[in-house]
Structures are given as C-alpha cells and as structure tokens.
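Student: Chains A and B, in that order, are what the protein sequence lines are. First residue of the first sequence: 1, per my numbering; consecutive thereafter. First residue of the second sequence: 283, per my numbering; consecutive thereafter.
Hints listed in this document are in silico derivations from the structure and should not be mistaken for laboratory results. In this text the structure is predicted, and so the values were computed from the model without any measurement. Be careful, since some hints might not be right.
Once the Cα atoms are required to be at most 20 Å apart in a straight line, the calculated DMTMM-like pairs of lysine to aspartate or glutamate come out as [unchecked claim]:
#, chain 1, residue 1, chain 2, residue 2
1, A, K49, B, D430
2, A, K49, B, E391
3, B, K499, B, D569
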Amino acid sequence: MAASATPEAELVTVVEPERRLTLPSLREVWEYRDLLAMLVRRDVSVRYKQTAVGALWAVLQPVALATVFSVFLGALADVPSRSGVPYAIYAYSGMIMWLAFSKAMQACADSTVASADLLSKVWFPRLVIPLAAVLPPLVDFAVGFAVLLVALPISGVGIEPTIVLVPLAALLATAVALAGGLWFAAWHVRYRDVQHLVPFLLLVGLFVTPIVYPFSLVPEYAQAFYALNPMVGVLELYRWMLFGDLAAPWYAVLVPFVVSAVALTGGALYFRAAERTFADVI
Amino acid sequence: MAERDLAIDVENVAKRYRLGTGAGTLAERLGDALRLRLRRPPGEEFWALRDVSMHVLRGEVVGVIGQNGAGKSTLLKLLSHITLPTEGRITLRGRVGSLLEVGTGFHPELTGRENVFLNGSILGMRRHEIAERFDEIVEFSGIERFIDTPVKRYSSGMYVRLAFAVAAHLDPEILLVDEVLAVGDIDFQRKCLGRLQSVAGGGRTVVFVSHNLSAVKQLCNRAYLLESGRVIAEGSSDTVVARYLQSAGAVQHAGVATVGEGVERLGGEDARLLRVSLLDAAGDPSDRLHLGERFTVAVELDVRREFPDTVVELGFTAADGMRVASAFTSDGGAGVLALAPGRHEIRAAVDAALLPGEFTLDVGLHRLTGATLDMVNGVLAFTVLRSSQDGGDVYPWGQVRGSVRPRTVWTVGEPSAVVPE
Numbered sequence: 001m002a003a004s005a006t007p008e009a010e011l012v013t014v015v016e017p018e019r020r021l022t023l024p025s026l027r028e029v030w031e032y033r034d035l036l037a038m039l040v041r042r043d044v045s046v047r048y049k050q051t052a053v054g055a056l057w058a059v060l061q062p063v064a065l066a067t068v069f070s071v072f073l074g075a076l077a078d079v080p081s082r083s084g085v086p087y088a089i090y091a092y093s094g095m096i097m098w099l100a101f102s103k104a105m106q107a108c109a110d111s112t113v114a115s116a117d118l119l120s121k122v123w124f125p126r127l128v129i130p131l132a133a134v135l136p137p138l139v140d141f142a143v144g145f146a147v148l149l150v151a152l153p154i155s156g157v158g159i160e161p162t163i164v165l166v167p168l169a170a171l172l173a174t175a176v177a178l179a180g181g182l183w184f185a186a187w188h189v190r191y192r193d194v195q196h197l198v199p200f201l202l203l204v205g206l207f208v209t210p211i212v213y214p215f216s217l218v219p220e221y222a223q224a225f226y227a228l229n230p231m232v233g234v235l236e237l238y239r240w241m242l243f244g245d246l247a248a249p250w251y252a253v254l255v256p257f258v259v260s261a262v263a264l265t266g267g268a269l270y271f272r273a274a275e276r277t278f279a280d281v282i
Numbered sequence: 283m284a285e286r287d288l289a290i291d292v293e294n295v296a297k298r299y300r301l302g303t304g305a306g307t308l309a310e311r312l313g314d315a316l317r318l319r320l321r322r323p324p325g326e327e328f329w330a331l332r333d334v335s336m337h338v339l340r341g342e343v344v345g346v347i348g349q350n351g352a353g354k355s356t357l358l359k360l361l362s363h364i365t366l367p368t369e370g371r372i373t374l375r376g377r378v379g380s381l382l383e384v385g386t387g388f389h390p391e392l393t394g395r396e397n398v399f400l401n402g403s404i405l406g407m408r409r410h411e412i413a414e415r416f417d418e419i420v421e422f423s424g425i426e427r428f429i430d431t432p433v434k435r436y437s438s439g440m441y442v443r444l445a446f447a448v449a450a451h452l453d454p455e456i457l458l459v460d461e462v463l464a465v466g467d468i469d470f471q472r473k474c475l476g477r478l479q480s481v482a483g484g485g486r487t488v489v490f491v492s493h494n495l496s497a498v499k500q501l502c503n504r505a506y507l508l509e510s511g512r513v514i515a516e517g518s519s520d521t522v523v524a525r526y527l528q529s530a531g532a533v534q535h536a537g538v539a540t541v542g543e544g545v546e547r548l549g550g551e552d553a554r555l556l557r558v559s560l561l562d563a564a565g566d567p568s569d570r571l572h573l574g575e576r577f578t579v580a581v582e583l584d585v586r587r588e589f590p591d592t593v594v595e596l597g598f599t600a601a602d603g604m605r606v607a608s609a610f611t612s613d614g615g616a617g618v619l620a621l622a623p624g625r626h627e628i629r630a631a632v633d634a635a636l637l638p639g640e641f642t643l644d645v646g647l648h649r650l651t652g653a654t655l656d657m658v659n660g661v662l663a664f665t666v667l668r669s670s671q672d673g674g675d676v677y678p679w680g681q682v683r684g685s686v687r688p689r690t691v692w693t694v695g696e697p698s699a700v701v702p703e
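Modelling step: build the complete structure from the supplied sequences, incorporating the hints.
Tutor: Here's what the structure looks like:
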C-alpha cells in the first residue's frame, strides 16, 4: 500500500504486489494516532471492568510476589539485597518493572492473533496493533510505582533525585518489549507455537534478570554473558535511578539501548514484510 | 475518459491463495521449507481472482454480484487493501471507507458510547470527526436510551443498528459495502438503503457487494457479475442481474435453482423438475427468510405423459441432515393433481414456522401409487434469520435448539396458583 497526496490534496492509494523490504510508514501510524489511543484506552478500561478490586490488582500482584520471594529467598535462602535497602522493597521495585515488561511483551506477542478479526476486515497501519499492546502495562507500572514512592520513606530508604528519571526506564523496558514482541507478533500469525514459547521465555527471564537478587550475586566471570539479556541493563539502570548507585558495569546498561535499536528496526522490517499476508493466513 | 475521473481503477488483478500451507506449527513449516527447496511449486494453488479489471467513475454506484465463492469478498478485501493482489494493481482516488462487516472491533464490555468512538477510529475516523457526528449517529441507531450500557447487554438487533450507524456516518469518497443489509429488520434495512442512496446521491462512489438482487437493482446503475474469479458480465444492473438469474447449470442463485443435467435426481424421463424458486413475502426470489416469514415455493416442471394422480412433495431438511417438515399437495387444497403433458408451474404458499438456521429444500413429484416421477433432494438452500421482518419478533437465545417453532398461544394462571402469598 502506498498513499500520496496529489496537488488537490486528494488521497491516491495504490494497491499492488509488494516484494521489497520496507519500514512501516510512521506517517501512517501518526494519522491513525486516535485509533492507537482508543485501543490503549480500551485495554486499560476493560482490564479491570467487572472486577471486585479493580486497579488494585496492579498493586496486589507485585506485592504478593515480592512477599513470596521475601519469605523464600530473602528470609529462608538468605539472598542479599542492596546495602541499605530492605529485601522486600528491593524485590517489590524489581517486580513492578518486570511484571509491566512481561505483560507488555506477552500482550505484544499475542496482539495480532487477538485482533484477527480487525486484521482480516479493516485496513489500518498494522503497526498500531502491537504498539497499542505494549502501552497499557505502563499504567500498571505507574500505579505500582506510586505505591513504591510511599513505601520508600516508610522503610527508611531515602528518595534520590534521580528517581525522576524512572519513567525513562519504564519506556526503555517498553521499547525492549516491543523490540522482541514485534517479531513474536509477526510469527504468531503463522505459528501458534508463539503462545507457548513466550510465557516460557518470560518465566526464564524472571530468573536470569536481577529482579529478586542483586547483580552482585552473579560471579564476575559470568557477568558479561549475563548482561547480554537486555532486561539486566534496564533493571540496573532503574535501580540506579531509585537507589543512586550503579551496581553493574557500564556496558550492561548500554545493552538494552543497542538491542532495542537493532531489534526494533529489524522487527519493524520483518513485521512490515509479514503483514502483507496477515489477512490471508491468520 | 480522463484518468482523473476514475475513482477506482482495477487493472488485471489476480489473487492466488496456496491451499494447505499457511497457518500451522513451526515443524510443519520447516518441513514445507525443506520441500520447497527440493521441488516447487509446493501445495495446491487456488486463484480466487483472475484477470479482473474494473473501472468505476467518480460518483458511480456499482454493484458486484456472483455466487458464493465467485471472488466477491476477495475483490472487496483487495479494494480495501486488507490483502494485496498477486498480480495487477488497483488505484483508488479518494479516502476509502469499508463496511465489510459491521461492528468490527466492538468490545462487549464497553458501553455503546465507548464503542462508537472505538469503532469509528477503527474505520479511520478522527476522534473529533466522531465527536461532531456523535449525536447524529446515536439518533440514526435509535438506541439513545442504551448508549451508556455495555454492548454485551444489547440484543443482536440493537448491536447491529449501532454498528451500522457508525459505519454509515463515515464520510469517505469511496464506500465499499458488503452484505450489511442482510441484517436487521425491514424498517432498518430500508433506512440503511436510504442512507446508502443519499451517500450515493451525494457524489460519492459506492461499490456494493450483495446477494440482495433487488437492492442492487435499486441502488446501482451498473454491475459486474463474477464467476469463478473472473468478470463474466458487466453492464446496467438490470441486465447483469437478469444474466445472473438465468446462468446455466444446476447451481443455485439466491433463491432460484435451475435443475440442469448432471444434477442428482431420482425418477425417470416421463417428468422433470426444471426450476425451483423460493419467494419471500414480497414475492422476490431469496435465500434468506425472516423469522416466521411466510414464503412461496414455485416449482416448474415438464411432464411428457399424462398423469391422472400426481402429488408434489416439499421437504425441509435442517443442517444436521434431519428432515424436519414435509408437505404434499394431497394434504393441501389442491388434492391429487392430474397433469397433462407440457410445462406446469405449481406454487405452494408455506407457513413453515422454522427456527433460525440453515435449511435445504427437497422437491419431489410422485404418483399416488408411490412411484417417484422426479425428485431432487437439497435443490435449494436457504437461511432463516434471527429476527422477523418488522423486528418485533427476535430469536433471543445464543443457541438454536430444534428446527421448528410451533405457533403457540400461552396462557398464564392466576399468580396465587404459582406462588402462594
């Protein structure tokens, strides 16, 4: 599909076979920004409709998980936290970020199949679908983070000025989720294997990312390899913003930027090529 | 004809589907990929459209008709760029809006109001455009009172009304319409047709794909007839509809079945069924009936010998293969028919009280002795819709249990007899 305006500002659309590798048109996505906003709003408002505690779920889940890890890892297995930060706070802070990331990645991977109805009946820039899927978990993160802001001073941890940067860390996590999710979203149309693969990868990710244990627990010889997981860098950057010192080597923090830039571009190219046949195979 | 006057220019478009490939597991796909390297082409190919060209002027209202599987939906999908052609190109001048299926993207948990905005933006409207037309949309739908109720509590009729209202207020230069008029009650259908007519009259270009031949005739100046993925006729809609109705073969065209050679029939050469038509309450051939709608079955037959004692049989078979109702001339007013050699048309006005669902019609000509002169099972297929013509009677349950709804008069006893105070 290509659209261009003639001198009279009339839209001319040409539908013809496409074989070249191209990036999705961001101008088209921009023209459909209202749709993007509506889809995000739909997901946010539908998520907690007809639930008893509503948006409280955004807090209950990380609190419950952080409690479980505090008991089993923090207390029973004696896993350390950062110096001066109670284990429960450390685990909770990691959990809200990880849950937001994993929800974003999962929703993005499932987005195309979940919107099969739309994809096979209406045209709009396809990229809107995975984009709309990664954004709603940011709302959950914001709610969870608000609770953290209250919990930090109560538990005796000071609030660092760098904390104002935390939204950027959440955006970076979203970018990583989109970078991976785009590939999965495109694959999912053809291979339903994705629905089994992504939850499994995310479960593994929970253990190979410093969420409920500190980076320092990883032996030095393995750190470079460990840091290849882009979420390691995201979590360490985020912890630096929260607690004021960087516990991981600088290169670990660079990884998510490089990975998301490369994988996003590749994912966008791949998604654009795959979307041509979405309606035919979904 | 200057190129600029063309709103839609379809040039030699073809669309190929590969059968047997596509969605599957990764393992199957890897297997396919390996085989693909060794020998191609893999799998079976199916050309949904072949060498289709179509030129639609600005402001023209063009119909596309054809049997199921002729390629109409594929053509619409290409025109709305949901999918891309394998060959050829389509040029569209102007903003395109499509009513491929009303209510796409409606979310059951959201209210009518929220869904108007969601659906409108899915159809390509900007938020402020929807806000400007919101009152008009709600008024058109006629469900003002329920606009803040989640649509999961709507009846299917209300749902369709709201969905069509949104789509009908899209303001594109080119409007693609598919079958939306098959839904809703007759008043609402009339309203939709009226809306389409005013859209068409407003200088907009409309491509209308439908089984509703009378609507095509009424709305369109020109029509295309598709068969097996090719355009086989093009011209004034009256001519093309007529051509469609008389197409040769034993195939069914929306309520009319011509019994040609090669049709599986029982019986000999002394008498033959020629044509069977299902006419709706308005007397038009149709393969869709409303709930409770009385219809007429017209049977044309050719008799080669004189028969003093014939009986015509109509049978209705549900989708599960069960014959659910039967009627014979011998149990109606006509009694036993004495047929002279020649062509005859026999009409039966039927009040079958069928429940919504898919049915096939069996037609037979027998003698009182029990001998079958001719019989074709499943000569026609038709659908009974979920609402009556005036919308006053709607089948409300999700699942349809049974095939026949006996006309029933209910009486309810005194309240005290049911619940003691």
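Student: Holds or violated: K49(A) with D430(B), Cα cutoff 20 Å?
Tutor: 14 Å, holds
Student: Given the hinted pair K499(B) and D569(B), is their Cα-Cα distance within 20 Å?
Tutor: Roughly 17 Å separates the two Cα atoms, so the pair holds.
Student: Can the restraint linking K49(A) and E391(B) be considered satisfied, given a maximum Cα separation of 20 Å?
Tutor: With a Cα-Cα distance of about 7 Å, the restraint between K49(A) and E391(B) holds, given a limit of 20 Å.
Comparing the model with each earlier hint shows no violations; every hint is respected.
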